[in-house]
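Asks: Chains as they are written, first to last, in full-length UniProt numbering: chain V, 1 to 224; chain S, 1 to 224.
Source of the hints: derived by calculation from the structure; they are not laboratory data.
One or more hints might be untrue.
[Stated by the list, open to error] For lysine to any residue, the following SDA-like pairs were computed, each having C-alpha atoms within a straight-line distance of at most 25 Å:
{"#": "1", "chain 1": "S", "residue 1": "Lys134", "chain 2": "V", "residue 2": "Ile125"}
{"#": "2", "chain 1": "S", "residue 1": "Lys134", "chain 2": "V", "residue 2": "Asp141"}
{"#": "3", "chain 1": "V", "residue 1": "Lys138", "chain 2": "S", "residue 2": "Val136"}
[To be verified] Sample of chain S residues lacking proximity to chain V, with all beta carbon distances greater than 10 Å (derived):
{"#": "4", "residue": "Trp7"}
{"#": "5", "residue": "Gln26"}
{"#": "6", "residue": "Glu206"}
C-beta: ideal position from N, C-alpha, C; glycine also.
Number of protein chains: 2
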Amino acid sequence: MKDQQGWKAAKQELAFVDKLTEEENQFLEDNVAEVSYRKGFNIYSMDCDCPGVLLIKSGWVRVYMLSRDGREITLYRMGPGEVCVISAACCLGGMTFEAHIDAETDMEAWLIPSSAYRRLKEQNIYVENFTYEKTVEKFRDVMWVMEQILFMSLEERIAIFLMDETERRESRELKVTQEQIARYIGSAREAVSRVLKEFQKDGIIEQSRGTLRVLDMKKLRGKI
Amino acid sequence: MKDQQGWKAAKQELAFVDKLTEEENQFLEDNVAEVSYRKGFNIYSMDCDCPGVLLIKSGWVRVYMLSRDGREITLYRMGPGEVCVISAACCLGGMTFEAHIDAETDMEAWLIPSSAYRRLKEQNIYVENFTYEKTVEKFRDVMWVMEQILFMSLEERIAIFLMDETERRESRELKVTQEQIARYIGSAREAVSRVLKEFQKDGIIEQSRGTLRVLDMKKLRGKI
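Could you build all of it, start to finish, from the sequences and the hints given here?
Replies: Rendered as structure tokens:
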């Protein structure tokens with residue numbers, strides 16, 4: 001049984017909904033599904049089918065690039081209320097993104113399957129437009145990541161990561177390992193470890209088994 | 001006096017033209033201008049007004065990122081027959097790209113000024129859609145550059161650059177300095193110099209004052 005209340009709210013994120021014909025709207029209603037993924041589940045890789053457009057109800061997805069030798073760079077994350085269109089890359093018309101999507105936490109979402117989404121997109125210019133708009137929004141995030149990697153020191157990048165995380169999690173206590181930080185920013189664990197040790201010495205953070213606490217937000221900001 | 005023949009051909013690149021009303025079409029005709037830029041001219045930077053949408057008649061533009069300390073990374077180039085929408089970033093709705101555009105050679109283009117383009121885009125969903133589509137196309141190029149920088153060795157990146165250039169210029173003789181190559185791929189001149197010396201030793205290229213000639217295309221390809 002569909003959670004009608006939740007779907008009604010989620011649907012508002014789809015800017016094209018008001019532009020659908022009655023028939024198209026019914027088709028959407030008939031095809032949307034509720035899905036849940038376990039933490040760590042690989043939702044999309046270039047070499048497998050894409051599930052479709054995801055409207056996230058709870059939890060987070062992480063979109064990242066993967067090198068031939070297994071290194072990762074996190075491009076962006078998406079959370080509750082956000083619409084992930086890259087997960088329907090197969091509908092984006094010749095667009096193949098060198099990107100992967102994992103469930104970063106246990107998560108629930110509304111799913112418009114690729115085949116259904118493609119049909120709506122082909123019939124209705126507003127759906128196509130919405131898809132492009134959402135993609136271009138993410139372009140900005142990717143450019144920002146690129147700028148950090150190209151032009152900023154490791155110290156600056158780690159400081160930005162820690163600030164973003166405390167804000168996103170609304171807590172100064174982060175459950176994150178050095179290994180994870182290295183993966184997020186596409187660096188080596190040893191290098192991350194070195195910078196974090198300096199931050200600790202300066203009284204900016206405090207580290208203990210799998211937890212990192214930001215002690216001095218102002219000093220952290222000063223690193224950027 | 002407008003080069004009507006040239007404009008008629010160029011206009012075909014604007015997929016939305018058939019979807020304009022008579023009034024909108026007239027408005028476009030009245031507003032399009034012919035421009036020419038000298039080699040090296042800065043067409044767009046984030047801190048100045050953007051000229052509008054460019055339909056390139058002849059010559060090339062280069063789109064790049066610039067760091068605080070003046071290092072550059074070339075994201076992509078566009079040439080004859082291509083439509084550059086980033087040069088109208090101010091019309092793209094909240095999109096600010098950390099990008100700069102230079103005329104890489106002397107060049108001529110049709111220009112739809114920003115204010116005119118914005119009006120068309122606000123009136124006609126097909127113009128908006130075209131704008132997004134062109135932007136998303138470039139997203140792919142940027143991802144490809146990013147992949148190269150993040151995951152490939154300097155040797156691989158220089159090999160890719162040389163292959164792209166011989167193809168683009170349809171010549172194995174490239175008028176390009178080590179300094180320019182370094183700027184294109186966002187590396188240091190010394191590092192580029194070292195790799196080119198190795199390529200020369202392996203009989204892949206030959207260098208002389210400001211010119212680089214590819215001798216062995218197969219070996220060059222083997223570097224990737």
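Asks: Output the numbers, in ascending order, of every earlier hint that fails for this structure.
Replies: Hint check: nothing fails, all pass.
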